[in-house]
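There are 2 protein chains.
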Amino acid sequence: MNASFDPPHRILMGPGPSDVHPRVLAAMARSTIGHLDPAFVAIMDSVKAMLRYAFRTSNDVTFAISGPGSTGMEACFVNLLEPGEKAIVCVNGAFGGRMKENVERCGAVPVIVNDEWGRAVDPTKVATAIKANPDAKALAFVHAETSTGVRSEAAELCRMAQNAGMLTIVDVVTSLGGISVEVDGWGVDAAYGGSQKCLSCPPGLSPVTFGPRALARVKARKTKVQSWFLDLNLVTAYWGGEGNRTYHHTAPVNALFALHEALAMLREEGLDTAIARHAACHAELVEALAAIGLRLPIDSNIRLPQLNLVSIPDGVADAPIRKAMLDQFGLEIGGGLGSFAGKVWRIGLMGQSASRRHVALCAAALRAVLP
Amino acid sequence: MNASFDPPHRILMGPGPSDVHPRVLAAMARSTIGHLDPAFVAIMDSVKAMLRYAFRTSNDVTFAISGPGSTGMEACFVNLLEPGEKAIVCVNGAFGGRMKENVERCGAVPVIVNDEWGRAVDPTKVATAIKANPDAKALAFVHAETSTGVRSEAAELCRMAQNAGMLTIVDVVTSLGGISVEVDGWGVDAAYGGSQKCLSCPPGLSPVTFGPRALARVKARKTKVQSWFLDLNLVTAYWGGEGNRTYHHTAPVNALFALHEALAMLREEGLDTAIARHAACHAELVEALAAIGLRLPIDSNIRLPQLNLVSIPDGVADAPIRKAMLDQFGLEIGGGLGSFAGKVWRIGLMGQSASRRHVALCAAALRAVLP
Chain A
10 MNASFDPPHR
20 ILMGPGPSDV
30 HPRVLAAMAR
40 STIGHLDPAF
50 VAIMDSVKAM
60 LRYAFRTSND
70 VTFAISGPGS
80 TGMEACFVNL
90 LEPGEKAIVC
100 VNGAFGGRMK
110 ENVERCGAVP
120 VIVNDEWGRA
130 VDPTKVATAI
140 KANPDAKALA
150 FVHAETSTGV
160 RSEAAELCRM
170 AQNAGMLTIV
180 DVVTSLGGIS
190 VEVDGWGVDA
200 AYGGSQKCLS
210 CPPGLSPVTF
220 GPRALARVKA
230 RKTKVQSWFL
240 DLNLVTAYWG
250 GEGNRTYHHT
260 APVNALFALH
270 EALAMLREEG
280 LDTAIARHAA
290 CHAELVEALA
300 AIGLRLPIDS
310 NIRLPQLNLV
320 SIPDGVADAP
330 IRKAMLDQFG
340 LEIGGGLGSF
350 AGKVWRIGLM
360 GQSASRRHVA
370 LCAAALRAVL
380 P
Chain B
10 MNASFDPPHR
20 ILMGPGPSDV
30 HPRVLAAMAR
40 STIGHLDPAF
50 VAIMDSVKAM
60 LRYAFRTSND
70 VTFAISGPGS
80 TGMEACFVNL
90 LEPGEKAIVC
100 VNGAFGGRMK
110 ENVERCGAVP
120 VIVNDEWGRA
130 VDPTKVATAI
140 KANPDAKALA
150 FVHAETSTGV
160 RSEAAELCRM
170 AQNAGMLTIV
180 DVVTSLGGIS
190 VEVDGWGVDA
200 AYGGSQKCLS
210 CPPGLSPVTF
220 GPRALARVKA
230 RKTKVQSWFL
240 DLNLVTAYWG
250 GEGNRTYHHT
260 APVNALFALH
270 EALAMLREEG
280 LDTAIARHAA
290 CHAELVEALA
300 AIGLRLPIDS
310 NIRLPQLNLV
320 SIPDGVADAP
330 IRKAMLDQFG
340 LEIGGGLGSF
350 AGKVWRIGLM
360 GQSASRRHVA
370 LCAAALRAVL
380 P
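If you read the sequences in order, they're chains A and B. 32 is the number that our numbering gives to position 23 of the first sequence; each next residue is one higher, with no gaps. 343 is the number that our numbering gives to position 334 of the second sequence; each next residue is one higher, with no gaps.
No incorrect hints appear here.
Because identical chains cannot be distinguished in the list, a pair is counted as satisfied if it fits within a single copy or across any two copies.
Mimicking DSSO-like on lysine-lysine, the simulated pairs with C-alpha atoms at most 30 Å apart in a straight line are:
# : residue 1 : residue 2
1 : K352      : K332
2 : K228      : K95
3 : K134      : K109
4 : K233      : K95
5 : K231      : K109
6 : K109      : K233
7 : K95       : K231
8 : K146      : K231
Hint data in this document are derived by calculation from the structure and do not stem from the laboratory. Please read these numbers as outputs of a predicted model, since none were measured by experiment.
If we strip away everything but chain A, and leave its shape as in the complex, we get (with noise of 0.2 Å):
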């Protein structure tokens, strides 16, 4: 029990995380400095100016959360709602579905806009619901769902929340760095993404974005914000400004290093070539996947190439082939999630886990695999 370990060497091509480069590894394992020390202020200012890359913003309060994804969602609902306001939450997957458990919790309103697991969010219902509840204060969605696969339309979500005069509150844990998210360019008020999928980091971290507008609601708010840990106003005192840190609470040091070290490598490629690196790697696994007779579910129009949802063939058992995989081939792909679940596996290609190799291996492993 008390001995050391050694963790088996995966390659992970399942929701995430996905392979972690061994510069990222090097870099979390740089000696640990105190989270007041001048030259890790200096990182952290670097970590921000290139997370404002990521997300396509110029945004002052772009940072990381000090803490996985979940956490990145929680900050977004309990800083921007307040208890008693309505916000209209999409749900078209699991991700969704916690959406609106966030938002119950902060003892607001959800107004459900509805779609099936492995379609968009439709426009159209939104529009609809908008008309019917003026008084919402947010628009919450997901980009990319990681339990279905599917990218939902970014732009024109943002756009009708916008002439509606509510904010936006767009999860974007599996599409940052894998497939275009322009927080500046669609107006977007507040996103949160994950520091383990195709950033390539290990989990822990939640980078996410405020824009003026959602800051201004921060201000205005009449209610303190129910989370200590993530009270904006608290924590930017540590993460904001130039220069002078307030002390809120002890940041993941070695965890900042490692997103340092992943952001500066999606720096050196460009977010440009690292997106189109994602799309290439989809098309040739789509290619090699029909090869050996297995297909994708989701339309291609709103297929997420990072995140790829395969159907299990008619009696081809789900989970022993998962183990076969990853016995026999160290090779990880994820099960299906509600609905979906036992019906597909999940195919991550994210970051460094987008990569002809990560192809080539899935496609004939599972060849090996299949009965």
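With the hints as your guide, set chain B onto chain A.
This is chain B only, laid out in the frame that chain A set:
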């Protein structure tokens, strides 16, 4: 901005983080695996078992929250208090004050027992507060105040709460692994620690433990826990039970590799030996500081060996000395907080930083930079 970076190699003798052993840094850099990988589930079980050892408890629900110590604190309050309920909160430093903030943000009502910064929580005052508020649901206090270097009488305070039928919520962030923490022996119902103090892990995780009375309270709640991320009903479905884990959030896999290694090292050394080492280093530090004319303002019978307040001599400036220590020796010590700001330094002897080497270097460096 986007180049790799090399953090300076510091010696960490502030209030945390403490120095991290190369073995722990190496563990953190092992290949990331999936958070539902069978190999990872085994590591989680092992972390739970070793945390029980550190907390001296048999509580099944003993694990690490995926965030800094502040999230462990918040997890205790949001799960154990419901809106309108009373909690007695002892405030004798910065972290007691943070507890009060947490209680208020749960919509609960804090009854404050105030003691001067630098003094222990006064059991007589607590007895009075308990008598005056028999309807209070919990007594919350900080075992080891990081802001003042003071230890309070946890055993006595827990006994009083138990006799009154109140739960105890105890902050052991700075005590865990450095002085005796007896969760079962004292009858603590809920406690939270931090990875980056006497466990000498990088910051980012908060070990917690919840006893049967606390869990019964969570089960009996009439309202939902206000934080989705910290809801014990959901988190324990991932961390709890044997074998079968339900996805909740993506655990910070590499951070848990590091915690596993740090706990393995604690077990190898033995908790009693580690505690004795902290005490011995403290004694040596006191002597070394006396030799250069420095004194400790906190009474020796309530002093934390692992966090030492040192009075800044008259006419000596605070920040320039700390800067000189950092610039000339790469050695970090902490400044004072609250009423101690500018009046004391805080010298940490935590975990790996509790060594004769650290004591000798710190005293020599201080001697060199003091006017």
